[in-house]
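The hints should help you fit chain B with the ligands onto chain A, whose structure is shown.
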Amino acid sequence: MKKVTSARISQLLFLALFLVLFLMTEYRGSDRIVAAVNGFFRADPLTASSTMLAVKAYLPLLLPGLIMLVAALFLGRFFCGWICPLGTILDLVTGRIRKVGALRALAGRAKYWLLLPLLAASLLGVNLAGLLDPIALLLRALTFFFHPLFGDTVRGGWRSLYGLVWERRDLLDPGYRLIRDYLLPFRETLYPLAFLSALLFMLILFLERYETRAWCRRLCPLGTLLGLVSRLGPLRRTPAKLCADCRACREHCPTSFDQDLLQTEECILCMECALHCPSRRVRFRFAGPRAQAGPVMERRVFLGGLLGGVVLARGFRFREPAAQAKLLRPPGVRDEEEFLKKCVRCGECMKVCLRSALYPALFQAGAEGLYTPLVVPRLGYCEYNCTLCGQVCPTGAIPDLATQEKQRQVIGKAVFDKNHCLPFAKRIDCIVCEEHCPIPGKAIRSERVELTGFDGAKRTVQQPYVVDELCNGCGICENVCPLEGKAAIEVFRVKDRTPLKPSSPAAPPPQDPYTDPYAGNS
Amino acid sequence: MERRQFIKILGMSSLFLHGWLRNLFAAQGPVVAVGQGTDHAGITRKTLAALGGMQRFVKPGQTVVVKPNIGWDRTPEYAATTNPLVVKAVVEECLKAGAKRVKVFDRTCNDPRRCYASSGIESALKGMKNVEVKHLEEERFQKVALNGKVLKEWELYGEALSADVYINLPVAKHHGLSRLTLGMKNVMGIMGGNRGSIHKNIDQALADINASFRPHLTLIDATRILTAHGPQGGNLADVKVLNQVIASTDIVAADAYATTLFGLKPADIAVTRTAYQRGLGEMNLDKMRIVRV
Ligand code: SF4
Ligand code: SF4
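Sequences listed follow chains A and B, in order.
Position 164 (the first sequence) corresponds to 164 in the UniProt record's numbering; numbering is contiguous.
Position 215 (the second sequence) corresponds to 215 in the UniProt record's numbering; numbering is contiguous.
Isolated chain A (complex conformation) (with noise of 0.2 Å):
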């Protein structure tokens, strides 16, 4: 590791603020969160800028990555040499492996190949910047795949402690709660896509076989739009080449020395070289507006980005029919397109969704929809008084509302499927489903019916039907129904998603005298 200077320290206290900003997104007793944990995705260029082209609106919510923006035009990409955590992360590990040389085919021009399409989508209404958006690809990562790797070696462990030493592992507890407290997800879960997750984060880590910072130079889409913002700024630094006589900057610099002269827009301002002059003469400073240092980019590059924009907004609109049916969004989402350009797919929301009914979505949302979030319950379900995922998503595409409203929006509605349900289909009595419902007037109900069962005995069976009045989706009846595999009651997308009338139960129907022996008394 390179030594101790001030944009090292800012390095490692961003990183550090990342980690622990990561393990707070998490359900501890409150029913608010610290609203800080999202902070990164709030504060960064590209999210606002691609968030707020695709609804065509400000969005107060993402005023932090606007004023970075601007910050950029002044002081260069200060972002990606003192605060981005993945750049910390490469600049960590860069070290230890061994470079090839750089790789032609990302020299050119590629990342403005990137970065264009993706803007132009935005303003055609598809909000794709969050797939290769760096904090989001490295929040991704974690939570999908790090994470839940971490919590499952951890809790392994302490599991196969019991079964060699029994109770006596209470010595430990207190030790072991600590961690569990702290640093564990509170709950095991798999998720779809975490393959893809880590994979597409290692890739960026073998990118530095060829190049130091290779990710952030070549490819970052955010990255890239600093510097774009940043050639425009007064910042300079002289010489702007490199000395005939010294020309030890291509040594210092990490990235943007080599070819003789500076490349601003690859520049991160770690200063190293500013450090390292051997004759001092390197400086940093504000000059009027930067003279002519090379085409920012042809027409050809521009054209094609646009087109390029047009082809993803349009081309990634596919969507399966069937896959529809249950394509769950989380609550307080009215309106699929509206989620869909805020969406920057950061993965907060599945980080702390407490129940884990929130998963990325592979391809139910068709190609434009990879990576948002959906609600799936018979994995997990939507607490009915949890609102943790509107409080902490960056954009407010899904809103954050106090738990009474959350309480009433509309994910979906349940069903039964009669050839599956017991009661029904078997003649026996159930109701689990009933049980749980969390609506105070319950939104499932069931009346007492004589039936003869097929063992030829008569019995009373208690058969459950769902009100749609008052059914949010929430999903718990799907999740806990306890047949095997497929449940008999499920939760189906609904297009009118009117959240429910509060309170009062929407006109009652009869109620059964003999499960309710106070009714009409109080």
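Quick caveat, the hints were computed from the structure, so don't treat them as lab data.
The beta carbon of each residue, even a glycine, is placed where N, CA and C say it ideally should be.
Check before you lean on any hint, since a few could be wrong.
[As the list claims (entries may be wrong)] Label pairs and their in silico Cβ distance ranges: (1) A:458 <-> B:100: 52 to 62 Å; (2) B:139 <-> A:149: 17 to 27 Å; (3) A:67 <-> B:128: 42 to 52 Å.
[Stated by the list, open to error] 25 Å max Cα-Cα, derived DMTMM-like pairs, lysine to aspartate or glutamate: (4) A:326 <-> A:417; (5) B:143 <-> A:188; (6) A:426 <-> B:153; (7) B:129 <-> A:405; (8) A:501 <-> A:405; (9) B:129 <-> A:173; (10) B:143 <-> A:417; (11) B:200 <-> A:450; (12) B:134 <-> A:468; (13) B:126 <-> A:26; (14) B:46 <-> B:164; (15) B:100 <-> A:170; (16) B:134 <-> A:26; (17) B:46 <-> B:122; (18) A:501 <-> A:450; (19) B:96 <-> B:122; (20) A:326 <-> A:484; (21) B:143 <-> A:167.
What follows is chain B with the ligands alone, placed relative to chain A:
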């Protein structure tokens, strides 16, 4: 088996040790103590005293499990979970009797962290020495041979099985299928696996488990009861404040008495009826000794 003998011996020894207890046990049938009053901790203590005090159950140095109902993410006033004041009073009595450690837990239906927090039980017991409010750990479930009518075996929670004393602390409330959730149904909180699947035969299944796993003491919280939309309620209109607690060593008797609070007869509840028929306890009110305090 051991547990049952243990209780018998305790009961016997107290017969000889405390003269006044003799009168109590002289009458036929189980004793059901019923406390009434707005001081919920106070009535809990008095009710326990009427049964002979906690020292009848807990001996110094023992490990006690107290199993309230913490099953749902509801605050105490909704009567879906056991009153934290009652839980705390019971735990304190255990400590007073010399318990080495008191463990409090339940297998929840909603998110356990939310349930523990919302129920008020976690915070009520916070900071108490030698008291652990624990989340369940999957690996501690053990297969237990029940050899029952419908359940041959089931996974039960190890810490409940290994406790010296097990105190059953349900809240009395409505249930859509079994009509009421009382002492015997509270045992579901230590069951592992797919609990919902026992619903198809719930009275026999519960009798099977209760026949092999017997709490030393059942104390039913009826300080406020949920009369409809159980077991999790959520509507204050369904809650009735009764300011009562019911305690007995006979789980069936405790349940039978609590049933009357809902305006029902013990025989209306299939779970109680089945348990009675299978000899797990008394359900006829006139065959119990009901002690009001
Ligand atoms: S989906 Fe439901 S349970 Fe999950 S975080 Fe959102 S509100 Fe909470
Ligand atoms: S989805 Fe099921 S459990 Fe949730 S409100 Fe609807 S019926 Fe009740």
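Taking the hints in turn, this is what the structure says about them:
1. A:458 <-> B:100: 52 to 62 Å: Since the Cβ atoms of residue 458 (chain A) and residue 100 (chain B) sit about 54 Å apart, the hinted range of 52 to 62 Å holds.
2. B:139 <-> A:149: 17 to 27 Å: Cβ of residue 139 (chain B) to Cβ of residue 149 (chain A): about 19 Å, so the range 17 to 27 Å holds.
3. A:67 <-> B:128: 42 to 52 Å: Since the Cβ atoms of residue 67 (chain A) and residue 128 (chain B) sit about 49 Å apart, the hinted range of 42 to 52 Å holds.
4. A:326 <-> A:417: 15 Å, holds
5. B:143 <-> A:188: 23 Å, holds
6. A:426 <-> B:153: Within the cut-off at roughly 23 Å; holds.
7. B:129 <-> A:405: 40 Å, violated
8. A:501 <-> A:405: 10 Å, holds
9. B:129 <-> A:173: 16 Å, holds
10. B:143 <-> A:417: 33 Å, violated
11. B:200 <-> A:450: The hint holds at about 16 Å.
12. B:134 <-> A:468: Outside the cut-off at roughly 38 Å; violated.
13. B:126 <-> A:26: 21 Å, holds
14. B:46 <-> B:164: 23 Å, holds
15. B:100 <-> A:170: The given pair, whose Cα atoms are some 14 Å apart, holds under the 25 Å limit.
16. B:134 <-> A:26: At roughly 19 Å apart (the allowed maximum being 25 Å), residue 26 (chain A) and residue 134 (chain B) satisfy the hint.
17. B:46 <-> B:122: Satisfied, since the Cα-Cα distance of roughly 24 Å is no more than 25 Å.
18. A:501 <-> A:450: Violated, at about 34 Å.
19. B:96 <-> B:122: The hint holds at about 20 Å.
20. A:326 <-> A:484: 19 Å, holds
21. B:143 <-> A:167: 16 Å, holds
When held up to the earlier numbered hints, the structure conflicts with 7, 10, 12, 18 and fits the remainder.
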